[in-house]
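Please model the entire structure based on the sequences and the hints provided.
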Amino acid sequence: MKDIELNISDIHSLGRDQAFEILNQISRVEKKTFPANEAFSFCEELWRKKPNTKVLYATSAASDIRSPLVAYAVYVRQKGIALLHKICVAESYRQQGAGKQLMSYIKQRLQREGCQCIQLWVDKARIAARGLYIKFGFEEREEIANYYAPGRTGIKMILNIDNGCP
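So for the sequence shown, this note's numbering puts the first residue at 10; every next one is plus one.
You may find that some hints are simply not true.
Pairwise CB distance ranges, derived in the manner of DEER restraints [claimed, not checked]:
1) Ala71 <-> Thr42: 34 to 42 Å
2) Phe29 <-> Leu92: 18 to 26 Å
3) Gly24 <-> Gly140: 15 to 23 Å
4) Phe43 <-> Asp12: 36 to 44 Å
5) Gly146 <-> Arg103: 17 to 25 Å
6) Cys174 <-> Gly140: 17 to 25 Å
Because the hints were derived from the structure by calculation, they are not lab data.
Treat the numbers as computed from the prediction; the structure is a model and nothing was measured.
Ideal placement from N, C-alpha and C gives every residue a C-beta, glycine not left out.
Have a look at this one:
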């Protein structure tokens with residue numbers, strides 16, 4: 010199967026109405042993908058200029074401008090460190106290279122911005138996600154039992170971009 014080609018953008022580059030439409034699409038995918046206690050709130054506040062928070066979204070390059078959401082990511086910058094809170098590919102687009110493209114985009118963007126380190130937490134049971142992060146050079150550094158819920162272990166992963174990780 011050929012990888013899907015993506016257009017990746019930041020919701021802050023959109024006008025209010027377009028941004029809210031994308032946030033609504035993200036919300037629908039989020040609710041289908043994550044348990045209620047882990048679902049992130051994608052509300053109007055994320056569109057307003059929170060200086061350190063970025064919401065990226067990806068649509069198919071082969072479709073028109075109103076194409077459905079393929080993937081999204083949220084990260085927060087704190088000086089030279091980025092905390093990747095979410096990266097998600099809509100179920101119908103999985104195994105088509107969307108996660109790789111979004112991860113590559115994030116890594117390159119953060120490198121250009123002078124970020125030295127990317128950190129994230131992932132559920133130990135999410136094998137595909139962990140595999141993606143490992144392919145991009147992330148290292149598993151710490152495990153915390155019951156991090157997400159009883160019986161669900163969290164793994165802290167770190168990508169050292171410029172020797173800036175603790």
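A quick look at each hint next to the structure:
Checking the proposed 34 to 42 Å range against Ala71 and Thr42 shows it is violated: the Cβ atoms sit about 23 Å from each other. Checked against the hint of 18 to 26 Å, the C-beta distance between Phe29 and Leu92 comes to roughly 25 Å, which is consistent with it. Checked against the hint of 15 to 23 Å, the C-beta distance between Gly24 and Gly140 comes to roughly 37 Å, which is inconsistent with it. A beta carbon spacing of about 24 Å between Phe43 and Asp12 contradicts the range 36 to 44 Å that was offered as a hint.
Range check, Gly146 to Arg103: about 22 Å between beta-carbon atoms, so the 17 to 25 Å window is met. Take Cys174 and Gly140: their Cβ atoms lie about 21 Å apart, and the range 17 to 25 Å holds.
The structure fails hints 1, 3 and 4 (numbered hints given earlier, in ascending order).
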